[in-house]
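There are 2 protein chains.
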Amino acid sequence: MTTLVGGIEAGGTKFVCVVGTGPEDIRAQVRIPTTTPEATLGEALAFFQQQSRHVGPLAALGIASFGPLDLHPSSPSYGFITSTAKPGWRNVDLAGPFRRALGVPVSIDTDVNGAALGEGRWGAARGLGTFVYLTVGTGIGGGGVINHQMMHGLIHPEMGHIWLPRSPKEEPSFQGVCPYHGGCFEGLASGPALHRRWGGQAEALPENHPAWELEAHYISLALANFIATLSPQRIILGGGVMAQRHLYPLVRDEVRRLLNGYIQSADILERMDAYIVPPALEGLSGAAGALALAQTRVLKDMPVLEKTG
Amino acid sequence: MTTLVGGIEAGGTKFVCVVGTGPEDIRAQVRIPTTTPEATLGEALAFFQQQSRHVGPLAALGIASFGPLDLHPSSPSYGFITSTAKPGWRNVDLAGPFRRALGVPVSIDTDVNGAALGEGRWGAARGLGTFVYLTVGTGIGGGGVINHQMMHGLIHPEMGHIWLPRSPKEEPSFQGVCPYHGGCFEGLASGPALHRRWGGQAEALPENHPAWELEAHYISLALANFIATLSPQRIILGGGVMAQRHLYPLVRDEVRRLLNGYIQSADILERMDAYIVPPALEGLSGAAGALALAQTRVLKDMPVLEKTG
Ligand SMILES: Nc1ncnc2c1ncn2[C@@H]1O[C@H](COP(=O)(O)OP(=O)(O)O)[C@@H](O)[C@H]1O
Ligand SMILES: Nc1ncnc2c1ncn2[C@@H]1O[C@H](COP(=O)(O)OP(=O)(O)O)[C@@H](O)[C@H]1O
Ligand SMILES: [Zn+2]
Ligand SMILES: [Zn+2]
Numbered sequence: 001m002t003t004l005v006g007g008i009e010a011g012g013t014k015f016v017c018v019v020g021t022g023p024e025d026i027r028a029q030v031r032i033p034t035t036t037p038e039a040t041l042g043e044a045l046a047f048f049q050q051q052s053r054h055v056g057p058l059a060a061l062g063i064a065s066f067g068p069l070d071l072h073p074s075s076p077s078y079g080f081i082t083s084t085a086k087p088g089w090r091n092v093d094l095a096g097p098f099r100r101a102l103g104v105p106v107s108i109d110t111d112v113n114g115a116a117l118g119e120g121r122w123g124a125a126r127g128l129g130t131f132v133y134l135t136v137g138t139g140i141g142g143g144g145v146i147n148h149q150m151m152h153g154l155i156h157p158e159m160g161h162i163w164l165p166r167s168p169k170e171e172p173s174f175q176g177v178c179p180y181h182g183g184c185f186e187g188l189a190s191g192p193a194l195h196r197r198w199g200g201q202a203e204a205l206p207e208n209h210p211a212w213e214l215e216a217h218y219i220s221l222a223l224a225n226f227i228a229t230l231s232p233q234r235i236i237l238g239g240g241v242m243a244q245r246h247l248y249p250l251v252r253d254e255v256r257r258l259l260n261g262y263i264q265s266a267d268i269l270e271r272m273d274a275y276i277v278p279p280a281l282e283g284l285s286g287a288a289g290a291l292a293l294a295q296t297r298v299l300k301d302m303p304v305l306e307k308t309g
Numbered sequence: 001m002t003t004l005v006g007g008i009e010a011g012g013t014k015f016v017c018v019v020g021t022g023p024e025d026i027r028a029q030v031r032i033p034t035t036t037p038e039a040t041l042g043e044a045l046a047f048f049q050q051q052s053r054h055v056g057p058l059a060a061l062g063i064a065s066f067g068p069l070d071l072h073p074s075s076p077s078y079g080f081i082t083s084t085a086k087p088g089w090r091n092v093d094l095a096g097p098f099r100r101a102l103g104v105p106v107s108i109d110t111d112v113n114g115a116a117l118g119e120g121r122w123g124a125a126r127g128l129g130t131f132v133y134l135t136v137g138t139g140i141g142g143g144g145v146i147n148h149q150m151m152h153g154l155i156h157p158e159m160g161h162i163w164l165p166r167s168p169k170e171e172p173s174f175q176g177v178c179p180y181h182g183g184c185f186e187g188l189a190s191g192p193a194l195h196r197r198w199g200g201q202a203e204a205l206p207e208n209h210p211a212w213e214l215e216a217h218y219i220s221l222a223l224a225n226f227i228a229t230l231s232p233q234r235i236i237l238g239g240g241v242m243a244q245r246h247l248y249p250l251v252r253d254e255v256r257r258l259l260n261g262y263i264q265s266a267d268i269l270e271r272m273d274a275y276i277v278p279p280a281l282e283g284l285s286g287a288a289g290a291l292a293l294a295q296t297r298v299l300k301d302m303p304v305l306e307k308t309g
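Sequence lines, in order, name chains A and B. Throughout the first sequence, residue numbering follows UniProt numbering, covering 1 to 309 in sequence. Throughout the second sequence, residue numbering follows UniProt numbering, covering 1 to 309 in sequence.
If a hint is listed, it holds; no wrong ones were tucked in.
What follows is a list of derived Cβ distance ranges for each label pair: (1) B:Thr21 <-> A:Ala28: 54 to 64 Å; (2) A:Pro192 <-> B:Gln175: 28 to 38 Å; (3) A:Asp253 <-> B:Leu269: 39 to 49 Å; (4) B:Leu269 <-> A:Pro192: 23 to 33 Å; (5) A:Asp267 <-> B:Asn260: 27 to 37 Å; (6) A:Ser83 <-> B:Ser173: 36 to 46 Å; (7) A:Pro179 <-> B:Ala243: 34 to 44 Å; (8) A:Glu207 <-> B:Ala243: 44 to 54 Å; (9) B:Gln49 <-> A:Glu282: 51 to 61 Å.
It should be emphasised that the hints constitute simulated quantities derived from the structure, not laboratory data. Beta carbons are placed, not taken as given, at the ideal position from N, Cα and C, and that holds for glycine.
Here chain A stands alone, though its shape is the one from the complex (with noise of 0.2 Å):
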């Protein structure tokens, strides 16, 4: 696949652009803070313009975006950004400027599941038919493949909204910090749910501190919960708040004493290191997910992943 396309993992702190054929072959790149949507949009725009006229002209685009999104190509809403609770972005075309402006087909998901889908074909989850995707940042989100194919279904997974058990350890009065749901994952394990907790920035706080042990715990609790749902045979973990390597350790030990043997695979019994594990294609999974996304528009007939597992 040498065809060139582009790619937009669009955040909610900013979106990173990128021209090329994959993560080792990444022609251009932009990073552009995620401001209004005019002003966001308007510039990922020039971008793509003006690399058009640079590289070449882009065989399609691919968008992997925060959400909830309208992912239903009948619908007269395809593409739109749904009922997000970031300030201005809600029921936003994220789509329809690039294709009526560029001219080229669009494809469009979930940040997350683009993210799988790029460590499906390039990262940690090569040759794998069924896996999680789940980030841990500002916001959870959780996406993925089944039997080779995107998770969307009714809409697509909000792996980051479930209920939780709250930890006896938790401080009573904290509610959590999810707008819809209060304590659900997100509201209790996000970064921004430690900086309410804790009081200052996940980054400062110490590695001894009990912080990690509670966050640990959370994360473990709703990975138990997607290994019972979904039974996926590798769990990548990613997000700012995992930059604290020391939690993946935690995670392994923590997930496996929740299941309690009750999962009789040696995948988790016995190679646990193997089955969670962060992103290969660190910072790069969810635009190389993008260039993924638009690669299945030029290939129509292409399968989502190649089985070679």
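Given the coordinates of chain A, work out where chain B with the ligands should sit on it, guided by the hints.
For chain B with the ligands alone, kept in the frame of chain A given last:
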């Protein structure tokens, strides 16, 4: 599809064995109590041997069984029950005895994946590509179809064993009944959990007993989690406990309350009555699913479900 096949719904209480071509064409049926593997499997085998002589040879056999099961075709314990809590049934070969004695291909899956398949082909999920079948009975189990394919992955879903927040109305001393996890979903909301918590058979609790509001709350928390994780187009809710029909409206209202408008879909916001539904093949979902499993072995290349929607 008129080829005669056999089907077994293997449950913890009884085995339902059928011969036919679908739920409207069952030629013979027998119910065998689940006692020891030797006795129960022996009786089931005798039934199919006798039927083969009477109504003609079977083209294949499908088994929809309680589990967990080993469903990896390449595993030495393929078709075995693995870590079940049911005494005497751990590490029991279910598929092998039938394959050897009947000399037909045997297709095995979980009881709930089987029920999902049956409801997808002939029942309440006809035409849908992505849906969940959940049973609330002696155990709680969920299975499903994603993008027209059965859910397997690492092993198969075990949706009864997700972690949920305890209700503030729950007696703090109640530990739940799951031998692996105590107060997981099954530990809090299965028939035996109702029995343990309220001290009588669930069947005997009157409709205005506080048991049902709490039960509906736990089921709704779980369904909200499955919606956030899988984004199903419909949820089929069956099992002995759901014989309490008044639970359906309680669950629908509570799921909507818990999601709190976050999932922007008319199916949830406006058409909840058609979103969370009882099985259409009442009592036969699993046995019909077992027939459908057998049929997938006759027509090897047949898609699991036809893509009508
Ligand atoms: N080194 C770190 N340790 C802990 N938390 C971090 C770290 N770096 C970033 N975060 C937290 O992660 C969140 C940002 O997540 P990130 O995945 O980078 O972006 P976003 O979710 O906005 O796309 C912030 O809440 C921030 O506090
Ligand atoms: N009418 C009813 N009301 C409430 N609970 C019921 C009713 N009928 C059966 N149950 C409960 O459902 C469980 C049996 O579930 P069922 O789905 O019939 O079988 P199994 O799960 O063993 O395959 C028992 O715990 C029983 O108490
Ligand atoms: Zn939430
Ligand atoms: Zn359990």
